[in-house]
Structures are given as C-alpha cells and as structure tokens.
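Q: Protein sequences, first through last, are from chains A and B. Take the first sequence: its position 86, counting from 1, is numbered 86 in the working numbering, and each next residue is one higher. Residues are numbered in the working numbering as their position in the second sequence, beginning at 1, plus a constant of 1000.
Some hints could be false.
Chain A is nowhere near these chain B residues, computed Cβ spacing over 12 Å in every case [unchecked claim]:
1) Ile1032
2) Pro1180
3) His1224
Looking from chain A toward chain B, a few residues come up when the C-beta cut is under 7 Å (computed) [to be verified]:
4) Arg28
5) Ser40
6) Gly77
7) Glu78
8) Glu141
Taking lysine-lysine pairs in the DSSO-like style, the calculated list, with each CA pair at most 30 Å apart, reads [stated by the list, open to error]:
9) B/Lys1351 - B/Lys1335
10) B/Lys1065 - B/Lys1110
11) B/Lys1065 - B/Lys1335
12) A/Lys147 - B/Lys1110
13) B/Lys1010 - B/Lys1335
14) B/Lys1110 - A/Lys152
If you're looking for bench data, these hints aren't it; they were derived computationally from the structure. Even for Gly, the Cβ is constructed at its ideal location relative to N, Cα and C.
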Amino acid sequence: MLICGKAEVMAEGQARPGIEDERQSAMRIFSLAPAEALRSAAQNVNKPAYERLRGPETGLVMLRGRTGGGGEAFNVGEATVTRCSVRLASGEVGHAYILGRDGERAECAAWLDGLWQNPATRATVEDRVLAPLAAAIAAEERTVAAKSARTKVEFFTMVRGED
Amino acid sequence: MYVAVKGGEKAIAEAHRLLAEDRRGDPDVAEIGTDQIASQLTLAVDRAMAEGSLYDRGLAALAIKQARGDLIEAIFLLRAYRTTLPRFGYSAPLETQDMLLRRRVSAVFKDLPGGQILGPTFDYTHRLLDFDLESPGEMPDAESFDADVVHGTVPRITDLINNEDGMIEPDVRSDPEVEPDDLTREPLAFPADRSLRLQALARGDEGFLLALGYSTQRGYARTHPFAGEIRFGMVEVEFFVEELGFAVTLGRVSVTECQMVTQFRGTPTQPAQFTRGYGLVFGQSERKSMSMALVDRALRRAEFDEDLVASAQDEEFVLSHCDNIQATGFIEHLKLPHYVDFQAELELLRKIRRGQDERNAAQEAAE
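Work out the full structure, taking the sequences as your base and the hints as a guide.
A: So this is what it looks like as structure tokens:
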C-alpha cells in the first residue's frame, strides 16, 4: 500500500529527460492549440511531402480519474480522439493524437511532429509554429486564471468588543 | 383472438416525418445551430456528455438538437454512437490538482490556500426571471483583469488537511497499481469494488443520484457530510502511446470534482478520522458531483461496518437502477406490442371468472 502525495505525482511526470521529453512538449502544444490556431501557424512553414501511414481515424479513449483525486484509478467515461501517422519524404514518422474528431487537425499535427524530428527543420518549427502557439496557449490560460481570480472571495474580519 | 398483421411501415415513416417537422418548429423562426447549442446551452451539453459517458461537445450538441432537447434521448444517441468507434485505450488518471481552475469552493475552510474562487455560478443569484434575455442583448462588458495571474498546482483540500495529523482519511493506492474493471467491457457483477461503483455513478442519472443523496441527508443512512471542496475547470488528458513509448497530451477536458468529508470513524489501531465520498463528472455539474460523492460514501457501508438500513447503501439497488438508458429501455419497452401476452392474460382472467360464476351458481342452487 502506498499513501499518495503530490511529490510522487511530480516524480512520475519528470521521469523522462532528453529529446523524448522535448518531443513530448512539442506534441502537447500541437494538441492544446485550438484547431484554427494550429492551421494558421502551420502555414508559417513549408508543408513537407509525406505519405499517410495510418488515419486520420477517430476512436475512443477511456478517461480515468482517481478515487478521492489521488487513490486507485477508475474509469470516468470515454472521449473521442483522432489520431494520424505520416511518413515524411525525408524519412521521419510523425504521430498525433488529439481530442475530438478533426482529421485535418490531427494530420497537420502529425506532419509537424515529423518536421520537428528532423534536425534540419526543428528550429524552424520551434520558432514559427511552437513559439507562437505556446504563447497563445499561455495567454489563454492567463485569461482563464485572471477571470477566475476576479471572483476570488476576500473575507473581512470584523472586530467585536473591546479585546 | 388477435392475429398480428404487417402494415406499420407507412405509419412509421409518416410519424418520423412529423417528428422532423416538430423538431424544426415554426419555420418563421431561425433554425438553431449545433454551434449555438454547444456554446450557449453548455450545461445541457455537459449533462449529455456526462451521462452519455462520451466527452465530445460537438456530438453532444448534435444529439441535443436531434432529440429536441430531451436529454435522456440525447444521452441514448451518444451511447449508441460510441459503439461505432474503435477503442484506442485508457488515459492516465486525470491530475485534478493541476486543474486550470474556473471555480473552487470549500464549505469547511474559509481561508484555504489557493482561495475560494466562485467562478461562473448560479449561487447567489436571486432566481428571478431576467426578461432582458427575451430579446437579444449586448455582450457583457469586457472586463479588465490582472494579466499577472498565473495558473499553477492547487492542492486538493483533502491533501491539505491531511498534512495535519491524518485528520481525514487519505487516498490509498495499491502498489503495483491495479487495473480497474470497466463497465463498458464486462457486465456489472456484485459485489462491485469502489472503482466500478464510481464508474457507474459517473455516468448515472443525475436525478436518481440527487434523490438518493438527498435521502442520506434526510436520515436514510446519514453520513453527516460537509462539502470539503468542489472544483471545476480544465484538466489535461495524457495517453500512453505504444509506438512512441511515452505519454502524449490529448488536450483538455472540463470536469467537476467534489470531495465530501463525512462522519468520522476509528478503530483500535487507527485514531478516529473523517471519512470521505468522491465525485468526478464531465463538464460543470456540482449537483451531480455532490450527489455522486454522497452516494459513493453511503455505498462504502461494508468498509466501515455500517448497518444496511437504506437504499442509498445497497449497491445492487443503486448500481442496477442508476443508468437512465437501461431504465428508459425497460420502462419504454412497455409500449411495444404485447398483444399475444395480453390476450393470454385476458383468456386466463375469463377462465377465472367462468370458474367463479360456476361456483356461485352451484352455491345458490345448494341454498
């Protein structure tokens, strides 16, 4: 048995250093970016020649939660997910898995993942696609956090009596 | 004797045409778009997703439109649609402490770290009809906000209080972790463990769980609940991809989580501590997540050696009846032709009456 705290959760998330970690971060940005933002940012780079290896196809992923937030896993319900895998003419295989049913979006994220893996095009993808998307996502997060923060309750303490 | 005949096809086609006409409503009124449903009837969409057990705002909006706003019919459509899709796998458990919070309140600690964030809530509204909404209005004023607020990890209240002498039952995980059972793969069997019960409750009917939760408050298996924390917001979903060898982020989903803190228990080896009930639901639904948490706690009866005195504690009763699609199916099947069954019963009744008449006649003759 294991009593769970936040420290372990953090440790799990930080287990993989290096290039895989960087690719994971890049793929996260492709997934979190709104579809329109991804499409428009993708136009900042030259679309490579590629062949589709799989999909785009839509399926289901069963989402899990944890009892009490940190205990045993349980199944909450499914979500639609669209995945796509492509092979660029330069050889890289790009993958994408994104919530929803937008095949074009998943295909776009897959070839961007392929371009990112190629050392010759990685910097371009990072500067022209990932950087603006990451900034847009961060701005949206700040907006949500700031709008919520305006509804934070500020308690006043009443002083009663002489003491 | 009734003889079954064919001939319903034309009537059925006409009934469906009439249904489509009623769905469209007055042709002089603009047709509602699924984008309007998805962005303006958000809580209806949330409920359809939660009980349809399928997170997809666009599909839920379409289902609601097709069902003419009948949410159980919409849930039925979503449940049917999911069976047409392949299953890619299971996500990593959602990390709710990393939620991008839109609301977070606690009824047990006023000054909890991270604060009380009211968010978009009906609470504190006066529940007076707002006739301004009858005519299209302006957008609410764009608010100014502090751009320096950053989103970070906000610990759940149950983890915060646990730092103080284990006053609340902690979360416990097996090591190694066990794969939870999945209702969508295997039929429900009893006794069900807590993971399976939570899955059934997460997709259970809100009204049914609301009534059961309410019954526990009124004394049918009382658990003395406190709303320890309720939070609503967006969480990232991670999914381990075999061909990559690492987990990818699929995107964000909105969920509501309720930590109910309930009646304390102790054993000779364990000092008394508060027990807990848990609720986690797709979308924004405090009513559902709170009800779920109350029922989850009541169903932990055996764990805490509590007497079975009420329906909310009876897992077979609760889990067999909380699914509104199963319930609808069985209730509404009564509309299907039962002509032969009914004829048989009618014949039996006639026989009983004939027998009774004969006995009465014999008795009269004897007197």
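Q: None of the hints should be skipped; say for each whether it holds.
A: Against the structure, the hints:
The Cβ of B/Ile1032 lies farther than 12 Å from every Cβ of chain A, with a closest approach of about 21 Å, so its non-interface assignment holds. With a cut of 12 Å on Cβ distances, B/Pro1180 falls inside the contact zone with chain A, its closest approach being about 5 Å. Residue-level check passed: B/His1224 sits 18 Å from the nearest beta carbon of chain A, beyond 12 Å. The criterion of a C-beta within 7 Å of any C-beta in chain B is met by A/Arg28, whose closest approach is roughly 4 Å, and the hint holds.
At a threshold of 7 Å, the smallest CB-CB gap from A/Ser40 to chain B is about 18 Å, leaving the interface hint violated. Residue-level restraint check for A/Gly77 holds (minimum Cβ-Cβ distance to chain B is 4 Å; threshold 7 Å). This hint holds: A/Glu78 has a C-beta 5 Å from the nearest C-beta of chain B, less than the 7 Å allowed. For A/Glu141, the shortest C-beta to C-beta distance to chain B is roughly 5 Å, which falls under 7 Å, so the interface hint holds.
A hinted pair counts as satisfied when its Cα atoms are at most 30 Å apart, and B/Lys1351 with B/Lys1335 qualifies at roughly 26 Å. Taking the CA atoms of B/Lys1065 and B/Lys1110, the gap is near 42 Å; set against the 30 Å cutoff, the hint is violated. Distance hint between B/Lys1065 and B/Lys1335 is fulfilled; the C-alpha atoms sit about 24 Å from each other, no more than 30 Å. Distance restraint check for A/Lys147 and B/Lys1110: the Cα-Cα separation of roughly 21 Å lies within the 30 Å cut-off, and the hinted pair is therefore satisfied.
In summary, the hint linking B/Lys1010 to B/Lys1335 is supported, as the alpha carbons are separated by about 19 Å, within the 30 Å threshold. Using a Cα cut-off of 30 Å, the hinted pair B/Lys1110 and A/Lys152 holds, with the two alpha carbons roughly 12 Å apart.
Going down the numbered hints, you'll see the structure goes against 2, 5, 10, while the others check out.
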